[in-house]
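Student: Sequence:
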Amino acid sequence: MLKNIGGMTYDCYPLTSAQLLNLSLVKEGTAGEVENIGAGNYLQIDLNIAALREALNRAVERCESMRMRIWKDPDTGEVWQYVVPYQNEYFEYYDFSAWNEEKVTEVLNKWTSQPFDLYGGKLSRIVIVSLPNGFNGFYYNVHHACMDSSSVIAFTRDVIEIYCSLLYDMPYPKPMASYIESVKRDMAYEGSKKQKKDEEYWQAQLSQKEPMYTDYTGPGRLMQLRKDNKNKKQRWGLLASSDGKGNTITYELDVDSTMKIMEFAKEYDLPVSAVILHAIRTVLCKFNNNEKDITISDLVSRRSTLANKKCGGVRMHCFPLRTVMPLNTTVLDSIRMIKKAQDEIFIHADYDPLKVFGGLAEKFGAAEGSTYASVDFTYQPGTLAGIGQTLNGIAFKSRWYSSGKQPKPMYITAMHRPNDGGLNFYFGYQTECATPEEIEFLYYFTGRVLFRSIENPDATLKEIIDMT
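Counting from 678, one number per residue, gives the positions in the sequence shown under the numbering used here.
Warning: the hint list may mix true and false statements.
[Stated by the list, open to error] Below, computed lysine-lysine pairings styled on DSS-like, alpha-carbon distance capped at 27 Å: (1) K1016 / K937; (2) K851 / K799; (3) K986 / K799; (4) K969 / K870; (5) K851 / K861; (6) K1040 / K871; (7) K986 / K851; (8) K907 / K969; (9) K1032 / K870; (10) K986 / K871.
Since the hints were made in silico from the structure, they are not lab data.
Taking the hints into account, I'd like the entire structure generated from these sequences.
Tutor: Set out below in structure tokens:
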């Protein structure tokens, strides 16, 4: 729809369900930086700053979502999105090479904490930086409404491949896909036969009996809520932060241990995400008196096609992944049950997640902000590891920076490191909902369950729990 914005006419489109899901996490009275993504990407080479500026500009020109803006109609209050024409930009350079890396991280975290002007302002910032130990590259901060982690990775690859093509006669990367075309596909979904089938599936899920909340610290929170609400049968939990203040703790799994997970998944033809989810689920079972009914919020990137992988934007949806397993379920059967539940979610992942979570609360009379999942999880298989062939042995590292805010109480991301392929586990958490000691405890037992399960695929859940 054509709209006049600041004297210019733009093709405007409604926000997608993925964007609305992200914006719903910015609660009234909390700061918008809760939705900021900060990332740094660095090569251990002497940097050609002019070439990197050129590569960044070309990448922004090729990526429509990097030029996306959000506008609120002052007359109707309706919110729209549009893409502005490309304009060449001068990216500033900061030399931190004489600093220690902890101080640099402190500065980049602070930059990540600066909120964007959501309605009408530019939703990204890029600066070129030099780090200690000869690493040089760029820092990148973007609002979650226009990019998700998959988009950040795709954009980063594009910048590096363009840079290498400019300097080293490497092949120029193929074009990015159109973000606006992906928005149009999402618009076409509304009222379609596919949407009706997805709605039938999710309505069938909502017709089941009420799920059980299982907290990553044990049953204490639910017991307290039952006492406060004078309801001994209450099954929903409530995890909330007054200001979204949060932190991220990263655990690095060594390469050999990572390869054991990958080889196990390959041997039994199982997704790595289902193997890790099995471990998290079993820990929640263990911590909550061997509860059989476990729900984890599973994030789906919805990027199964090449166009969706290279279109930028945010396509992440989140749904309750619920499994009910008796304790005599074997490890392999547990992972296969999780895979089956995941497959069903993936098939119906275009549906609006807010309708699913809202439907659960409405059906069972749960309070605003209630949940049946204490943990959100995502596995990111698409990383920058493949860029190694282009770089031909040049050392590369990436870093994720914190805005000091977290949109969810507990968000676990498993992602492969670009330098060696080992797994990093990122625990993003709200400080009102968890402590570093509780995070460490959760990670420790998740690791124990994970490797005991790989070593004993025919053992039962009860046996695995007893081993840990």
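Student: Taking the hints in turn, state whether each one holds.
Tutor: So, going through the hints one by one against the coordinates:
1. K1016 / K937: holds, 19 Å
2. K851 / K799: Within the cut-off at roughly 26 Å; holds.
3. K986 / K799: Measuring from Cα to Cα gives roughly 23 Å; hence the hint holds.
4. K969 / K870: violated, 35 Å
5. K851 / K861: With Cα atoms ~22 Å apart, K851 and K861 stay inside 27 Å; holds.
6. K1040 / K871: Answer holds: K1040 to K871 is near 24 Å, not above 27 Å.
7. K986 / K851: holds, 13 Å
8. K907 / K969: Holds, at roughly 24 Å.
9. K1032 / K870: holds, 17 Å
10. K986 / K871: holds, 21 Å
Against the hints set out earlier in the document, a violation occurs for number 4 only.
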